[in-house]
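Top to bottom, those sequences are chains R and A. So the first sequence is numbered by full-length UniProt numbering: it starts at 1 and just counts up by one. So the second sequence is numbered by full-length UniProt numbering: it starts at 1 and just counts up by one.
Be aware that one or more of the hints could be misleading.
Computed footprint of chain R on chain A, listed as stretches where at least three residues anywhere in the stretch have a Cβ under 8 Å from a Cβ of chain R [stated by the list, open to error]:
| no. | segment |
| --- | --- |
| 1 | 273-283 |
| 2 | 529-535 |
To give an idea of the interface, some chain R residues facing chain A are shown, with a C-beta separation under 7 Å as derived from the structure [as the list claims (entries may be wrong)]:
| no. | residue |
| --- | --- |
| 3 | Ser11 |
| 4 | Ala12 |
| 5 | Ala14 |
| 6 | Glu21 |
| 7 | Trp24 |
| 8 | Thr26 |
| 9 | Ala34 |
| 10 | Ala36 |
| 11 | Pro50 |
| 12 | Asp58 |
| 13 | Val132 |
| 14 | Pro152 |
| 15 | Phe156 |
| 16 | Glu162 |
Hint data in this document are derived by calculation from the structure and do not stem from the laboratory. No residue lacks a Cβ here, since even glycine has one placed at the ideal position from N, Cα and C.
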Amino acid sequence: MSAEETHGNGSASAEVAARVERRWATIAVIIIVAMALLAAFAGIHRATMPQPRVETTDPSRIHLSGEFVESNLGSVLEANGNVTVRAIGQQYSFTPACIVVPVDTPITLRATSADVVHGILVQGTNINTMLVPGYVSEQLMRFTRTGDYLMPCQEFCSFGHEGMWGKVRVIDKTEFADRAKGGGRLSCVGQ
Amino acid sequence: MLANRKLILAHFWLAFGVFGIALTLGAWQMFIRSPIGTWLSNPELYYRSLTAHGTVMGYVFPTLVAMGFGYAISESALEQRLVGVRWAWTGFWLIVIGSIMAVIPIAMGRASVLYTFYPPLIGNVFYYFGVVLVVVGSWIWVALMSINLRVWRKAHPGAPVPLAMFANVAGSYLWAWTAVGAALELLLQIIPVAAGLKNTIDAGLARVFFSWTLHAIVYFWLVPTYIAYYTLVPRAIGGRIYSDTMARISFILFLVVAMPIGMHHTFADPQVGAGFKFIHSAFTALVALPTLLTVFTICASVEIAARLRGGRGMFGWIRALPWDNPMLLALAFSFVMLGFGGAGGLINMSYQLDASIHNTQWITGHFHLIFGGAIVIMYFAIAYDLWPHLTGRELFDVRLIRTQLWLWFIGMIVTTFPWHWVGILGMPRRMAYFDFGDPAIAPQALSVTFSAIGGFILLTSGILFLVVLARGMRAPQADAGPYRFAIAVHQPATVPIALNTHALWVALMIGLTLTNYGYPILTLALTEGTSVPAVYVGAQ
Ligand SMILES: [Cu+2]
Chain R
1 MSAEETHGNG SASAEVAARV ERRWATIAVI IIVAMALLAA FAGIHRATMP QPRVETTDPS
61 RIHLSGEFVE SNLGSVLEAN GNVTVRAIGQ QYSFTPACIV VPVDTPITLR ATSADVVHGI
121 LVQGTNINTM LVPGYVSEQL MRFTRTGDYL MPCQEFCSFG HEGMWGKVRV IDKTEFADRA
181 KGGGRLSCVG Q
Chain A
1 MLANRKLILA HFWLAFGVFG IALTLGAWQM FIRSPIGTWL SNPELYYRSL TAHGTVMGYV
61 FPTLVAMGFG YAISESALEQ RLVGVRWAWT GFWLIVIGSI MAVIPIAMGR ASVLYTFYPP
121 LIGNVFYYFG VVLVVVGSWI WVALMSINLR VWRKAHPGAP VPLAMFANVA GSYLWAWTAV
181 GAALELLLQI IPVAAGLKNT IDAGLARVFF SWTLHAIVYF WLVPTYIAYY TLVPRAIGGR
241 IYSDTMARIS FILFLVVAMP IGMHHTFADP QVGAGFKFIH SAFTALVALP TLLTVFTICA
301 SVEIAARLRG GRGMFGWIRA LPWDNPMLLA LAFSFVMLGF GGAGGLINMS YQLDASIHNT
361 QWITGHFHLI FGGAIVIMYF AIAYDLWPHL TGRELFDVRL IRTQLWLWFI GMIVTTFPWH
421 WVGILGMPRR MAYFDFGDPA IAPQALSVTF SAIGGFILLT SGILFLVVLA RGMRAPQADA
481 GPYRFAIAVH QPATVPIALN THALWVALMI GLTLTNYGYP ILTLALTEGT SVPAVYVGAQ
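Using the sequences and the hints given, assemble the complete structure.
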């Protein structure tokens, strides 16, 4: 078929082309709408949603007063049985470097950075958040099996970045409750 | 037809020269962090190298390719001598000076902030000035593309703008507006601190500004590739563009929806609220549309070529394609990589799925597959296609060209597939080395080794590419004739004004950016007490 022939029966073939195009465009739009609905459904139904509030904190003062002073870092058992973990990232470590939490318990991680941008990622889970200095990151978590998990810093934070690895130790519920009896903030640093 | 061959060649040689250097650095990086090359225990050198690799590959190389190709399109598609040649050379030299200015502090270890900057980390001020000069140089190109089209329109009132030029100008506008995000971050936030005028910076706000640039820049890298899909491939294999209208719609969609989606890069950031994350996620889904339209149109265009060559049957036509044609080979590889990379992109786009791979090696794998794979392989094809017209000599190493394309494809797969895998396992990115002695990390050693091998396959391919081009400069002279672009099956005699001009779409692009970015940026800028002390890199 030469170019002239293609043009010869132009209007008929143009119509076919337009129809096929429309059909394809419709399919493409349907795929995209379905994907967006799926994401919305997963977000609302499974409650995997980004943190709703933006909270700020002054990194040059966090070690002096407020939520992130050193004595307040680590895991604490709340009155309702939930656990809150507070941690900070700084070049090139996390405090506490080993986070201890109970299994099968709703946990709220609240963390921030003392200097540059860092990230917390717990391997083998969906726990993954940025630590931006000046802002508080909040992440809900829940572990279904005990054991040790690696927790690397996932964001470049200058030359020592590759050495910034923390750990999460998930232990038995009663063992955690035992250790939490005296109040205070728990960690597994040095254990 | 190409009057300014020297100008275009200068852009391409500089682009591919710096590409060769950055490629070597990349292969070296993968080698020393793999279990086969643990001899280097100096992360500082690694991050210098990483900063240089990213800055060249992200800013300098694709910008120069887009510019060189853009000048070639302007001259050949419009059949009009380039207006503003002197300005074009000025832009080129600004990029040369900017690149040198940026590379010196990088080499000295005073700017290891990677190409994404990461405030409050602050490097040497000349690094940022260098990047600004590169961008300013490219903005001259944007203006020239616009002016050249305007001159042509005056001479051809109402005529349909040739598709290649229509897309080229759309790409240049996209770039101009995309670069504004990083420009604001550099000029308002980083440079004052790097120059010592201030010592605090709002890192959260800076990340939002950067996300404005960081996603749409990918579509700027992509535009030359898509222009090649539509206007070079069908011509090179004897086919026709299935639909000129569909092509124009695709480029317009990129222009409009590529911009207001960058906040999906801040899904895990605490300074952006949930609402805007969801909006940007939905918009990101939308950019799949122009790509889906393109895949359809290009497959149909290729099928036309096959049927003109006597191909028959539902799938039998595929065999009738000229598989020894480098352009077709590049297209096929590009589509395969675009398919895998695009599927990964759909995963990144969803907040829920992103949580499992955010900032892991998966991301590195994803964008290397899209940019280094699907896009760069078409840059090769563009260079091969243009070279005879730029040099007046024939490219005779067709077998070598095929080998080069094959190696690039294999190298990219061997490099990026293991990255995706270890990313799912939670391996963080941007690590100078791993402690493979740790039993929890040891199982990933094999994957990292594969990536390193892939890196050397890519390096080999890159060297072959430069060899082919260099040999092409010394081949016997041959007249390649005028440089042509593919025409459509139904070449339009008139095009609706909306598909022939950019004003409406540029307005929409700016409007959408303002709605999707305006409020978050304003709230962050007005929130007190979020500026944090700068941390100077390499300062003693
Ligand atoms: Cu870190």
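Now the hints, each set against the structure:
1. 273-283: Held - the segment 273-283 of chain A has 6 residues with a Cβ nearer than 8 Å to chain R, which meets the minimum of three.
2. 529-535: holds (count 6)
3. Ser11: Nearest chain A Cβ about 9 Å off; hint violated.
4. Ala12: 11 Å, violated
5. Ala14: OK, holds: Ala14(R) within 7 Å of chain A, min 5 Å.
6. Glu21: With a closest approach of 6 Å, the Glu21(R) hint holds.
7. Trp24: This hint holds: Trp24(R) lies near chain A, its Cβ roughly 5 Å from the closest one there, short of 7 Å.
8. Thr26: Constraint on Thr26(R) not satisfied, violated at 11 Å.
9. Ala34: Hint on Ala34(R): violated, closest Cβ of chain A at ~9 Å, above 7 Å.
10. Ala36: 5 Å, holds
11. Pro50: Holds: closest Cβ of chain A sits about 4 Å from Pro50(R), inside 7 Å.
12. Asp58: 6 Å, holds
13. Val132: 5 Å, holds
14. Pro152: With a closest approach of 4 Å, the Pro152(R) hint holds.
15. Phe156: Where the cut-off is 7 Å and the nearest Cβ of chain A is about 4 Å from Phe156(R), the hint holds.
16. Glu162: 4 Å, holds
Hints 3, 4, 8 and 9 from the earlier list are contradicted by this structure; the remaining hints agree with it.
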